[in-house]
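So the protein lines, in turn, are chains A and B.
Our numbering puts the last residue of the first sequence at 343; the count rises by one with no breaks.
Our numbering puts the last residue of the second sequence at 1388; the count rises by one with no breaks.
Quick caveat, the hints were computed from the structure, so don't treat them as lab data.
Fair warning: there could be bad hints in the mix.
As the list claims (entries may be wrong) - These stretches of chain A come out as covered by chain B in the derived footprint (C-beta under 8 Å, 3 or more residues):
id	stretch
1	203-214
2	232-239
3	244-253
4	266-275
5	311-318
6	322-329
All residues carry an ideal CB built from backbone N, CA and C; glycine is no exception.
Take a look at the letters that make up each chain.
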Amino acid sequence: MTDNTLLEVTAELFASFEPGGDPCEWQGAMWKAAAEMGLPWVGVPEEAGGQGGSIADALAVLKLAGAHAVPLPLAETGLLAGRLLAAAGADVPTEPTTCVTSGKAEELVLRDGRLHGVAQQVPWARSASRLVVLLPVDGTWQTVSVPLGSARITALTNLAGEPRDTVAFDGAIPELIAEAGVDGEDLLHMGALTRAVLMAGALERVCELTVRYTEERRQFGRALARFQAVQHHVVDLVQTTASVGLAAESAVRRRLGGSARFEIAAAKLLASQSVHPAVRAAHQAHGAMGVTQEYPLHRFTRRLLAWRTEYGDERQWAARLGTAAAEVGADGLYPLIASGSHN
Amino acid sequence: MSTRPVLWKAFAPIELGEAERDLQRQVREFLARELPRGTFEPGLGMNNPADPEFSRKLAARGWVGMALPKRYGGGERTAVERFIVTEELLRWGAPVNHHWVADRQSGPVINRFGTEQQKERFLPAICRGELGFSIGMSEPDSGSDLASVKTRARRTDGGWLVTGTKVWTTGAHRNDWCIVLCRTSDEADKRDGLSQFLVDLRAPGVQVNPIPFLDGSADFSEVVLSEVFVADDLVLGKVGQGWAQCTSELAYERGGPDRWLSTYLVVEQLLREREQGSLPDDPELLTLLGEAVARWWNLRGMSLCVARGLDAGEEQAVPAALVKEMGTRFEQDVLTAVERLVALSPSPDSSSLFERLLAASILAAPSFTLRGGTSEIMRSVVMKGLTS
């Protein structure tokens, strides 16, 4: 369903709400406009009340969300919580919904059908209607959906100012407990893929801003882009944008035909690894203008800094990929590089 | 918003087709049979030794001159198919040096700019893996600033007399021919008035002096040309068009797997050492391995985009420069990471293959980001591609 026209309309919508104001504040009008287009539920099957379309369609929308620093829980509502609900045979709600990996919900337990404990760094919990988590119950993964109305929510934010709240339950009654059909690893990989794609989008914007600024800003009688030392930063950014963009897109394509564990791990690793050099290069090329609230650069660089660690940082993914490489061994190493998850 | 095409959009995922994967299998089988691991000393990418016998065997399989027309003995295969063959050869450490330059760029350039007679004379021998070519671009006073070359060709009866000095000419002592860039006239723009000549490296007036590499090996040379006669029928392309011809050659030279595989075998051998228990089972090793595998996967994908772009007839000079700079920098970075991890004092003549590869790579590494155009020039090519 997400043909190019829809993506163009989506980009226009996102652009029309830029800048989105304080990222901590709920952007009700923007959510309403996005929801009317069905954007949060792209990639969630229609049978479950979703918008239909493929995972790749949903990720194309997310890439635009990254490129426009959209302050909404789009990944959480659709690809994460929405698909978990659909996989468990439930319908998706029409309100914003959030989700965390099992790693952030380790302290959550189900006792006698009631939910107890604390979930950490829950995106947009303060504005979401429900939290959807995967919990291992008696050796099987259960999808648990719980209304957030009765939860104790402590408002916290990530480096970008996006809500990442602490949510405590004391005997909340879930509205759904059902066999998940997926496991914690599936959710972790989908989460990492959403972040890699958001980051690829944000990097494009950082790169565009830097190319434009260094062409327009003049010092010593010439454009900054004419100085070799500045060109070095710009080229670094172009290379990073190209390589992370390709990595994320390759993972998306492979995910359409399988679990794409190798590609997702590599894409998130590369995206996370690129953050510090890219953020440094972009800010250095912008000079003092780039570190103001007024200039848009920080909206993207701060998100990159925050998303670097969400759903696994570069070291965690490197350890996983390294383990996979050691398993195939020296003779299988190049075939793994060349074929990835199709190896 | 700027409306110029965005450079990073040139990189989109590519899946190999069934025939391409089949070719990959064939090359792997060929190498496992012809050069079983442990029976030969693997080399580092395109620095590998020259073995004319191996080049001829490869050619007999149709894997030299793959990009050239069938009527000259070539395979009329795509740049992607050539990519598949070369990446397997390089990661295996196969001795590819004899046919390397002829296959990668001299053949394609002769095919593109040469006369019918030149094509018939050179291309079949290139496709048989027989002819070795050198690149006669750099000079003592012309490195990155290639348009400033001083080697000069003067008109004489039936041809030209070429005088000057070329340097960093890989393989000149063993190769047969060299494509020499020289000045044929003085023009207002120094990029005009340049021409390319096919020079027989054994012709009278050609003197090849080795330039020992810093590790003492001698694979590149100084080529001194003193009034070397080059007949009219060995002028390559149009007189005065040498600059344009040279720059078109660079996309073949810059975007391929030879720009990111030079140190691959060090990592593969590191893993083999670990399997054999000769290295402690260090979690840092797994991290290094994971990072390296991700980067190779990514660089390979980018490089494959350049090959597909060439097949589609698109200009790839800028994407190729972008990949070359990243790839060669990574070749060095991954090596540094291995050095830090293993904390050895590797000896070039150690009994351990891993140590020998490590030592050879460490000494070769400074040249990765120089040969084929320095990183600084690559960045400036990318920058011009962004702003022009």
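Hints, one by one, checked against the model:
1. 203-214: holds (count 5)
2. 232-239: holds (count 5)
3. 244-253: Since 6 is at least three, the answer is holds.
4. 266-275: holds (count 4)
5. 311-318: holds (count 4)
6. 322-329: This one holds; 6 residues, not fewer than the three required, reach chain B with a Cβ under 8 Å.
Checked against the numbered hints given earlier, this structure breaks none of them.
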